[in-house]
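Engineer: The primary structure of each chain is shown beneath.
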Amino acid sequence: MNNVKIDMEMVNELEEKCIKIRKDLVNFIYRIGMGHLGGELSMVEVAVALYYKYMKYDPKNPKWEERDRFVLSKGHCSETLYTIFSDLGMYTMDYMVDHFETLDTAVFGMHSNRKYVPAIEASAGSLGHGFPIALGMALAARKQNKNWRTFVFVGDGEMNEGTNWEAIMAAGHYQLGNLVAIVDKNGLQMTGTTSEVMGLDPLDKKLEAFGWDVIEIDGNDMKAVCEAFASLPASDPAIRRRPIFVIANTTKGKCVDFMEGNVKWHGGGIAKQQLDEALVCINNSRKGK
Amino acid sequence: MTVKVTYDFDQMLSSARDAAGEELLKMADEGLDFVLTYSDNIAPSTASGRILTKYPERCFNFGIAEANQVGASAGMALAGEKVFGQWFGPFLSLRATDQLHTDIAYNDVDVKLIVTHSGVTAGGGPTHNCIADLAIYRAIPNLTVVIPADAGQCIKTIRAAMTHVGPMVIRIARGAEPNVYMDNDYEFEIGKAIEVKGGDDLTIISAGSSVYWSMMGAKELAKKGINARVIDMHTIKPLDVDMIKKCAQETNCVVTVEEHSINGGLGGAVAEVLSETGFKGKFKRIGLPDQFAVLGDPMEVYKYYGMDPEGIAKTISELLGK
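So the sequence lines, in the order shown, correspond to chains A and B.
27 is the number of the first residue of the first sequence in our numbering; add one for each residue after it.
6 is the number of the first residue of the second sequence in our numbering; add one for each residue after it.
If you're looking for bench data, these hints aren't it; they were derived computationally from the structure.
There's no promise every hint is true.
Said to hold, decoys possible - No more than 25 angstroms apart at the CA atoms, straight line, and that leaves these computed lysine-lysine pairs for DSS-like: (1) A:K169 - B:K327; (2) B:K242 - A:K141; (3) A:K49 - A:K232; (4) A:K169 - B:K87; (5) B:K327 - A:K141; (6) B:K197 - B:K228; (7) B:K59 - A:K172.
From just these sequences and the hints, can you work out the full model?
Structural biologist: Structure, rendered in structure tokens:
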């Protein structure tokens, strides 16, 4: 990872994209009146780096067979993905608002449904489901001898769920070098810090003991995120090696001062005044400001 | 449709579990493409395990981790695979209900879940009994639920599952069970119940291994001059409502027999149909009562709860006042 050279101009562009996604996201949440902004803001750098740079992906053809798969296991944070899909040209923001949990005309929901939104790989919502699904996808790619990669994105609170550990054990057992997991380690879950609710650390040592290689980064530092993804070895279904786990240390509510690190911003809507303040904060988060 | 049945022959046994495994192997030999997932519940040395050694690249063991197996099976299907999986019944329906509901049914993926050890066939007491599964399956949208009556019908179900698209549960017993059908020369269609014995005095509606015991019960009833019709309701979901209505109308007495809690399973499903259609005749559910079952060999347990031929005949005689 240390040898990876990252084009700083690209990093700057991706950082600027994160500003736009965060602004669109808070606007979206304001308009639909619900969301999970804390975790949706903490995951932006990772999601942007993947969708705009490091995933094999065609927004015009979300079911392209050779695409990399991205499984959002923390499905309550789907609005970040919808916002990215909108920015990639799949939907207008107005369309998403007009089709958000609107009964039989609904396309979008707080928890994503793959049948309504083709770019969603697996319907999600309840926690601990994405990892086993991603495991199955990676095994299928191996069986099919396809070199697409599977990314699974989990929350740190979500790691309380035992199914993650069953899947982590199995991926280590099968030595799935075509599977990459990322944990959005923002340190907070619904009612408190992850260390108060259910201690997760030392996460790196646990994962290594389960047969994974670990890359630990500042998950809100775009350069570090890019370095992590650029350092991934080529995805080859035939090669058996330790799967890679990216521990992305992030801040819940990132870039919105009054949300950052505040457990009460786990879920809910946002008022107009808060929206205005949030937009100012996000603008001011530009480096050099 | 006339079917040839074996109810004149006691205890012609065959194993649906072996039959399922052998049919999967046969389909693989024919060049049909699918994967098989399991959770340390298929031994390579058994009839159902030969596929594991012959086609290792398409068989995936998830260890004793049923929920993970369900999720991974869904993931494989999402990646374009046709997936068969095999689970111990209680550990699918109870431990992995969440994954069955969300990963399989809500995602609506093409996974066929072969669940073994139905009812009390596992022996070993309530931890290994599978008596609440139908109540769970029935309430999950998108699921098709088939309970083959014997090994031959299990083969037909596996074949039908190969071309059927979508989530399907195939519920079978642990070991050898009596054959219901003399041969496989009959039509089998998912969702279409089969009249295995004609009769006008009442209708016994049954499924799975209970079909044979129901027929034997009908044989007992015949000694008393009671002519029972027996229906093999092999598909629990979608239920053959037309067949239930027809039998209710024609015989005015319906009894269900199932290896499941009398709450929420086949009996419950039939009762719902009857009550909503204004049925005024007699109705009785035979199955496991609302308690954790007594410990014992399956045949002893059937007898204890009146699910054996004599018990079925006795209950029905009392119901008819004969």
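Engineer: Starting from K197 of chain B, check that the Cα of K228 of chain B is at most 25 angstroms away, please.
Structural biologist: 30 angstroms, violated
Engineer: For the pair supplied as a hint, K59 of chain B and K172 of chain A, is the alpha-carbon distance within the 25 angstroms limit?
Structural biologist: 23 angstroms, holds
Engineer: Check the hint pairing K169 of chain A with K87 of chain B against an upper bound of 25 angstroms on the C-alpha distance.
Structural biologist: Roughly 12 angstroms separates the two Cα atoms, so the pair holds.
Engineer: Please verify whether K49 of chain A and K232 of chain A have alpha carbons no more than 25 angstroms apart.
Structural biologist: 36 angstroms, violated
Engineer: Need the status of pair K327 of chain B, K141 of chain A: alpha-carbon distance at most 25 angstroms?
Structural biologist: Given that 25 angstroms is the threshold and the Cα spacing comes to 56 angstroms, the pair is violated.
Engineer: Can you confirm whether the C-alpha distance between K242 of chain B and K141 of chain A stays at or below 25 angstroms?
Structural biologist: Holds. K242 of chain B to K141 of chain A sits at ~22 angstroms (cutoff 25 angstroms).
Engineer: K169 of chain A and K327 of chain B: Cα distance at most 25 angstroms?
Structural biologist: The hint is violated at about 62 angstroms.
Violated hints for the displayed structure, listed by number in ascending order: 1, 3, 5, 6.
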